[in-house]
Amino acid sequence: MLFNSLTFFAFFAVVLALHAMPFPWRVKKVNLLVASYLFYAAWNPPFVVLLWASTFVDWFVARAIYRAEARTRRRSLLLVSILVNLGILGYFKYGGFLLENWSALMAAVGVDWTAPAWDIVLPVGISFYTFQTMAYSLDVYLGRSRPADSFLDFALFVTFFPQLVAGPIVRPTHLIPQFAEPVRASRSQLLWGLALMTLGLFEKIVIADGALAPATEAVYGATEPLVFADAWLGTLAFAGQIFCDFAGYSTVAIGVALCLGFSLPDNFRYPYAAIGFSDFWRRWHISLSTWLRDYLYIPLGGNRKGNGRTYVNLMLTMLLGGLWHGAAWTFVVWGGLHGIYLAVERWVGERFSGARIGGRTWFRILMALLTYVLVNITWVYFRAPDFATAWRLTRSMTGLTTGGAVALSTDYVTRVVVVTIGMLIVHWTMRNRRLEDVVSRTPWWLVAVVWGAMLFAILITQGAGDAFIYFQF
Amino acid sequence: MDPKVPVRDVPRVAWSRAGLLAMILVVLPLGGWEAYWRGQQFRPSTRNSDGLWAEARRWVDRAEPEQTVLLGSSRVLFDIDLDAWEEETGVLPVQLALEGTNPRPVLSGLAEDPDFTGLAIVGVTPVLFIMPEAGYRQAAIERYTTESPSQWLGQRISMPLEQTFAFYNFDTALFAVLHRQTWWRERPGLPFQEREVRKLSNMDRRREADLWSRLDDDPAYAELAKSIWSDFLDHPPPPPPEAEARAQFEAMLEEVRRDIEAIRARGGDVAFVRLPSTGHFREVEAAAFPRERVWEPIVAAAGAVSVHFEDYPELMDVRVPEWSHVSARDKGRFTRDLVRILRDSFRARGTLRPELEP
Chain A
0 MLFNSLTFFA FFAVVLALHA MPFPWRVKKV NLLVASYLFY AAWNPPFVVL
50 LWASTFVDWF VARAIYRAEA RTRRRSLLLV SILVNLGILG YFKYGGFLLE
100 NWSALMAAVG VDWTAPAWDI VLPVGISFYT FQTMAYSLDV YLGRSRPADS
150 FLDFALFVTF FPQLVAGPIV RPTHLIPQFA EPVRASRSQL LWGLALMTLG
200 LFEKIVIADG ALAPATEAVY GATEPLVFAD AWLGTLAFAG QIFCDFAGYS
250 TVAIGVALCL GFSLPDNFRY PYAAIGFSDF WRRWHISLST WLRDYLYIPL
300 GGNRKGNGRT YVNLMLTMLL GGLWHGAAWT FVVWGGLHGI YLAVERWVGE
350 RFSGARIGGR TWFRILMALL TYVLVNITWV YFRAPDFATA WRLTRSMTGL
400 TTGGAVALST DYVTRVVVVT IGMLIVHWTM RNRRLEDVVS RTPWWLVAVV
450 WGAMLFAILI TQGAGDAFIY FQF
Chain B
0 MDPKVPVRDV PRVAWSRAGL LAMILVVLPL GGWEAYWRGQ QFRPSTRNSD
50 GLWAEARRWV DRAEPEQTVL LGSSRVLFDI DLDAWEEETG VLPVQLALEG
100 TNPRPVLSGL AEDPDFTGLA IVGVTPVLFI MPEAGYRQAA IERYTTESPS
150 QWLGQRISMP LEQTFAFYNF DTALFAVLHR QTWWRERPGL PFQEREVRKL
200 SNMDRRREAD LWSRLDDDPA YAELAKSIWS DFLDHPPPPP PEAEARAQFE
250 AMLEEVRRDI EAIRARGGDV AFVRLPSTGH FREVEAAAFP RERVWEPIVA
300 AAGAVSVHFE DYPELMDVRV PEWSHVSARD KGRFTRDLVR ILRDSFRARG
350 TLRPELEP
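Protein sequences appear in the order of chains A and B. The numbers in numbering that gives the first Met the number 0 rise by one with no breaks, and the one at position 231 of the first sequence is 230. The numbers in numbering that gives the first Met the number 0 rise by one with no breaks, and the one at position 34 of the second sequence is 33.
Okay, chain A solo, but in the shape it has when bound (with noise of 0.2 Å):
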């Protein structure tokens, strides 16, 4: 079910009459988690069994890997709980990529074997729900929390409908514990949380599909080589409906949820103001890059093994994190190019770290337009259909296209550009800031023509109900 339907709000609006009944909380949990289970069949019923498997492997493996004190034990269990979740991830995510791969290889070699055709559905927000629950059985596993104590409160936090698809990715030591006693949105919560949906719905419908998302597409379907400014402007176009579109769920997902009562944790923190790629990256899908540094980056040693295994974790880390987003190359490469960077960054932050002018204003803002361009670049590959068009797109860029055609009206240059603009005053302006303080500053009135504006803007701009672009990963 899309946050951006017709379906959910009238969905939405029988959970939160639910919610609001005087029924014991046993009850309304009963009720969110078979809203949970309503929420993802509305999409394709036959998958909810895969929630269910991966709530009950995980329910019950982390309850042994808790019992066992043999450590061979606790590692064959907890390879359960690994097996199981990549298990489902790979099958449905990566085996016609493995597949197309192994052909290639072998073709490469000169054996001609064709493989069969994978026509698998990649079930929605598999790569979301999969690493979620690892987690839960990750963190018993590493003795950093234990098991809940009530099947009903994990298979909630499995479930949970506002982030299930598309995060924020939570722990269980978010979310769980929300889940032991009552709790009821205040008439101050549920305002808040409609107001933050209305801000999320505005990003979606209005900002990423409704401006952006022609643009991008005109660009990137384009088949010729393009001038450098219009492969610039549906690259930034891209940057801006990327962020809209993902920041808009979260922001929506954070506003259910305090709908009902609960916090979700933020998932962004106006990216495009970073100053740097270890900056943006804690700016940037926040519950993604925290997961990876917590079971991945620093499991592997992260930087307490020396200098170079150091930037060995580092590459590794964003490379699968690349992989985690597509089954494609591309995304490897996106991944890649990340990891190059915050591997850069790093070697010269170990060279320059106490230089002065690292303080000064125009540096800082020079820096931050540095990160933003750079990242411009690594949205090419993660947008890209193939590596011919992100290649073309790459020399169109960089100058390295001599002619090229133009693939932009003067409508949709307009759009890029005022969003392009406004969004990156906003982040450099909301740096340092959080949204809930320039509220608390804000007359009540002007936030009431902001939120109706936006309100405002939604209905008019009516949106197609086009899916999030992450709920493919």
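It should be emphasised that the hints constitute simulated quantities derived from the structure, not laboratory data. Treat the numbers as computed from the prediction; the structure is a model and nothing was measured. Treat the hints with care, since some could be wrong.
Claimed, not checked - Once the Cα atoms are required to be at most 20 Å apart in a straight line, the calculated SDA-like pairs of lysine to any residue come out as:
no., chain 1, residue 1, chain 2, residue 2
1, B, K225, B, A287
2, B, K3, A, T172
3, B, K198, A, Q177
4, B, K198, A, P176
5, B, K3, A, T289
6, A, K28, A, Q177
7, B, K3, A, G260
8, B, K225, B, E282
9, B, K3, A, R145
10, B, K3, A, G142
11, B, K3, A, R281
12, B, K3, A, L98
13, B, K3, A, F267
14, B, K198, B, F231
15, B, K198, B, T181
16, B, K3, A, P181
17, B, K3, A, P176
18, B, K198, B, S212
19, B, K3, A, Q177
20, B, K3, A, G462
Unchecked claim - Distance windows between CB atoms, simulated:
no., chain 1, residue 1, chain 2, residue 2, range
21, A, T441, B, R37, 34 to 44 Å
22, A, R143, B, D8, 22 to 32 Å
23, B, M22, A, W427, 30 to 40 Å
24, B, A246, A, L97, 31 to 41 Å
25, B, L27, A, G421, 55 to 65 Å
26, A, W51, B, H234, 15 to 25 Å
27, A, A12, B, R37, 22 to 32 Å
28, A, I364, B, S15, 50 to 60 Å
29, A, I364, B, L27, 35 to 45 Å
30, A, G421, B, H234, 29 to 39 Å
31, A, T360, B, Q180, 39 to 49 Å
32, B, L189, A, T360, 35 to 45 Å
Heads up, the beta-carbon is just placed ideally off N, CA and C, and yes, glycines get one too.
With chain A fixed as given, assemble chain B onto it according to the hints.
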């Protein structure tokens, strides 16, 4: 590690007052927006959405054996009056025509559907019919087989809203309106881009679509519609190489023949219709797709009953305000004439169809 339960504080704002004012600030301009579009002669109209088409396609699955299904492109969609058809035959046809779209994939779907034993009326717009793929509304055809429960429910919730608000319409969506403004300066070097087709019809839940009355009453709007058709007509895509085009055409004929045989084997039948076009549209169609090179081979290969508007003065005696679609004011009479001609054609061939009998 960040193991703590996240804390979300709520900004200190007078939320009840803010919420109330926000609602007022939505309702008032929205009322103005609705009034503006009604002032532009827009009326609440069911959206010609993929979900609505999928719903209509499912009616075929549920209907009686003696059913009539209308396939084709915008001409079948706008020119045929479902009520008049029902009055003539006692059968309400299922309207499955899709604007700008090749009807052959839908015909193939019916041929593969063991439950379909009725009569398919297939409109032929040559430029669309010979395309190798479905084209513009491919997604609607896919929706029939891939629709999720959420999409199904969303369609049901949407329809009452569509029939209430004039602004809830693809043509009045904010960015569609902005994109269509004439103030945008042409960008040097940008290749010619066809303008989007403007609003042409109003539709109801049965997919009965009337050509918008503004095309009859507002000559400037009719001229705008014609000039947009000229964008398409005067800038055709480059044709494929001759040999490839010939192979595609032969494959198309074979596919049509196969589909019709499958439908006939179950007791159903197919008729082809070529509905009116006038002016520059008709000139271009006649030049690019001469009747003897496109229409005649299709009906010959199919061995099907066929009705070409040029052969029937009563079908040519209609108002076609923008060269391509029959005025809503004439479509009732036009439909009755068409049904009678089809009925007579089947009778003449000795294959009387109960779906067409009074």
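*asked:* Of the numbered hints stated earlier in the document, which are not met by this structure?
replied: 3, 4, 12, 20, 25, 26, 28
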